[in-house]
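Heads up: the protein sequence lines correspond to chains A and B, in order. Per this note's numbering, the first sequence starts with residue 52, numbered consecutively. Per this note's numbering, the second sequence starts with residue -18, numbered consecutively.
Don't read these hints as lab results, they were simulated from the structure. Please note: incorrect hints may appear among the correct ones.
Said to hold, decoys possible - Just some of the chain A residues that point at chain B, by a computed CB distance under 10 angstroms:
1. Lys71
2. Leu127
3. Gly158
4. Arg160
Just so you know, even glycine gets a beta-carbon here, dropped at the ideal spot from N, CA and C.
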Amino acid sequence: GAVVSQHPSWVICKSGTSVKIECRSLDFQATTMFWYRQFPKQSLMLMATSNEGSKATYEQGVEKDKFLINHASLTLSTLTVTSAHPEDSSFYICSADRDLDSAFGPGTRLLVL
Amino acid sequence: QKEVEQNSGPLSVPEGAIASLNCTYSDRGSQSFFWYRQYSGKSPELIMSIYSNGDKEDGRFTAQLNKASQYVSLLIRDSQPSDSATYLCAVNRFTAGNKLTFGGGTRVLVKP
Chain A
52 GAVVSQHPSW
62 VICKSGTSVK
72 IECRSLDFQA
82 TTMFWYRQFP
92 KQSLMLMATS
102 NEGSKATYEQ
112 GVEKDKFLIN
122 HASLTLSTLT
132 VTSAHPEDSS
142 FYICSADRDL
152 DSAFGPGTRL
162 LVL
Chain B
-18 QKEVEQNSGP
-8 LSVPEGAIAS
2 LNCTYSDRGS
12 QSFFWYRQYS
22 GKSPELIMSI
32 YSNGDKEDGR
42 FTAQLNKASQ
52 YVSLLIRDSQ
62 PSDSATYLCA
72 VNRFTAGNKL
82 TFGGGTRVLV
92 KP
């Protein structure tokens, strides 16, 4: 089946630093990938749609200058959390579009101290 | 009103019994519907997808969709302790690609 990987699986950083998270589709090409965020005991909330070769589309309330998305190839999208703060600590999950459904990555847990 | 609503639970069922989960959605334009299972600290994994009214069965799982009532459900037969997880309902409009809107999830506890 389709496999999506994320790297790193977890990261701890100091407040003010930037963190890059990679999302790769390993055995299929994905022109569209999605980035979700999940806070403890809450559901997944879509942050943005990442389109290969074009600018990402951000959901209402998500700061595009803080969460930089780059979808440089059909198998890789990156999310960079710039100047991370403790309130950005969350579980970040990507998914890659495939036909009628999406394949989810294993998630990246970010802790900002 | 939330776009996708689920009872947060926990839904406690004895081992071997049927667990029944419900989900309602507000967007009549929704075209595809999914049930995901999420274990604590893990990413969601797809259990079922359903696109047309009626029932769809896959092993111990049955999804039911009623677009007129904007309602989708999931039945888990012969529940096992390993089914203990949070079940997420998600809906999608084809025109938006596979951009999913998730419900809050229902936590299921299967007791041996």
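- Status of the A:Lys71 interface restraint (C-beta, 10 angstroms, chain B): Violated: closest Cβ of chain B sits about 19 angstroms from A:Lys71, beyond 10 angstroms.
- Message: Does the closest beta carbon of chain B sit nearer than 10 angstroms to the beta carbon of A:Arg160?
- Response: Result: holds, 8 angstroms to nearest chain B Cβ.
- chain B contact restraint on A:Leu127 - CB to CB distance below 10 angstroms: Violated - the Cβ of A:Leu127 stays beyond 10 angstroms from chain B, reaching only about 18 angstroms at its closest.
- May I ask you to test the interface hint for A:Gly158 with respect to chain B, counting a Cβ-Cβ separation under 10 angstroms as satisfied? Check passed: Cβ of A:Gly158 comes within 4 angstroms of chain B, closer than 10 angstroms.
In terms of the numbered hints stated before, the structure departs from hints 1, 2, listed from lowest to highest.
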